[in-house]
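Guided by the hints, dock chain B onto chain A, whose structure is given.
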Amino acid sequence: MKLEQSTKTQIIKNASLSLLLYILPIALMFGSFAITGERPWEKKQHQQKQQTTAKTKVSNTQDND
Amino acid sequence: MIDQIKQIIENLNGYGFSVLVLVLGVLEFSFGLYKKRWNKNEKWVDIACFTIPKLIVRPLVAYYSLLVLPAILPGFKNFFGWVPFFWGCAIIAVADDLTQYWYHRLHHQVPWLWRFHRTHHSASYMGMAMASRQNIIYTIFFSQTYLTAALVYLGLGIPALVVKGIKGTITTLAHSSIPWDKPFYKYKILHPLAWVLERTISTPATHHAHHAATTDDGVGYYKGNFGNMFFWWDIIFGTAHISRQYPKAYGISHYEGDQWYAQLAWPLFKSKVPGSELAADGPMVKDDVPLQPHQLYRPDKIQEPVAEQADTAFQLQPVKA
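Residue numbers (our numbering), protein chains in the order written: chain A, 517 to 581; chain B, 262 to 582.
Everything labelled a hint here was simulated from the structure, so no lab data went into it. Do not rely on the hints blindly, as some may be mistaken.
Said to hold, decoys possible - Derived DEER-like restraints, expressed as beta-carbon distance ranges:
1) B/554 <-> A/547: 52 to 62 angstroms
2) A/542 <-> B/401: 23 to 33 angstroms
3) A/542 <-> B/311: 28 to 38 angstroms
4) B/331 <-> A/532: 24 to 34 angstroms
Claimed, not checked - Restricting the straight-line Cα-Cα distance to at most 30 angstroms, the calculated cross-link-like pairs of lysine-lysine (DSS-like) are:
5) B/547 <-> A/524
6) B/297 <-> B/533
7) B/547 <-> B/484
8) B/509 <-> B/449
9) A/560 <-> B/338
10) A/559 <-> B/425
11) A/518 <-> B/533
12) B/425 <-> A/560
13) B/296 <-> B/315
14) B/304 <-> B/531
15) B/547 <-> B/533
16) B/447 <-> B/484
17) B/338 <-> A/559
18) A/524 <-> B/484
19) B/509 <-> B/296
20) A/529 <-> B/547
21) B/304 <-> B/533
22) A/529 <-> B/484
23) B/447 <-> B/509
24) B/315 <-> B/425
25) B/484 <-> B/533
26) B/301 <-> B/509
27) B/301 <-> B/315
28) B/447 <-> B/297
29) B/425 <-> B/443
30) B/304 <-> B/315
31) B/304 <-> B/425
32) B/443 <-> B/484
33) A/518 <-> B/547
34) B/531 <-> B/484
35) B/547 <-> B/296
36) B/304 <-> B/443
37) B/484 <-> A/518
38) B/533 <-> B/301
39) B/531 <-> A/518
40) B/425 <-> A/529
Cβ atoms here follow ideal geometry from the backbone N, Cα and C, with glycine treated the same way.
For reference, chain A alone in the conformation it holds in the complex (with noise of 0.2 angstroms):
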């Protein structure tokens, strides 16, 4: 039994539509950013960049022991 051309063809052209709806999302979060100016991955960025330093710190004051 074999999948009928109608039914490929719907296939076919749905899934395409799918992969737009997969980025909705994605697209309206970064839209919603660009209208309120936020840029949550530099706070992330920001913060790892501290916990770096303190764990430098750290270990610089355990060498001097």
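Okay, now just chain B, sitting in the frame of chain A:
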């Protein structure tokens, strides 16, 4: 507010969800909603499908999440941890549910995939007993599980937990034999709400139609209504059928009780029922057969003939030749 929602969902994922399933199950049995259809073979199928896959799938997902993902995506752990909670939920909900929609739809529309999903449709009843009824191969390759696990690894763990709780509740209630959506169709004042509800999430009416034994009575529609949490995928892709009614019969019209092991692990084990789709020499997809009265979950009510009330007494006259 968001923290409170998270707390509720965390509880739902913990004991809450199990309690919901248990309460619904008890209610279904108390109301006799299985209508003596849960015979020995069906019990074995439901219980085996509920327990055995968990012993395999959970370690497999743990292995994939803890060893495979760090190996193929090193340095990406929590890479998207900065994504705000609301958007994380939206991304996970679409990624998980749309993938499941496709996984489900393909198992209905691609003939060679049908037999991996057939077990879920062979039950002639709806309810908690059959909600986990799936072939083990279908469960192992549940594609959205691995996609969601990858998103959790990338930093969307808390949104994933919340979406899982909401999705579990919606799909459980859609499979339930308690038609909780009936009042929305009965009372005119609730019709606008019903219109939105039935287009947004899976309801008993739309999901029961997907489990119907026949598709040509204007109510049942196993050729569509593939949505799990969201029904809007069916609306968007034109696979939706909304009738606000419940089917007369559930299951597969030509089902004759394939053995539990064949339903659990076809093609590793084959059915002994001659001519079954799961038998060694069975067809890939079998055509529907007319439903027999014993297959009807909601038989037509036999209407008593209404006695005509004669207003006046007739005086019969012999007919003259």
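Any hints from earlier that this structure breaks? Give me their numbers in increasing order, please. Failing hints: none at all.
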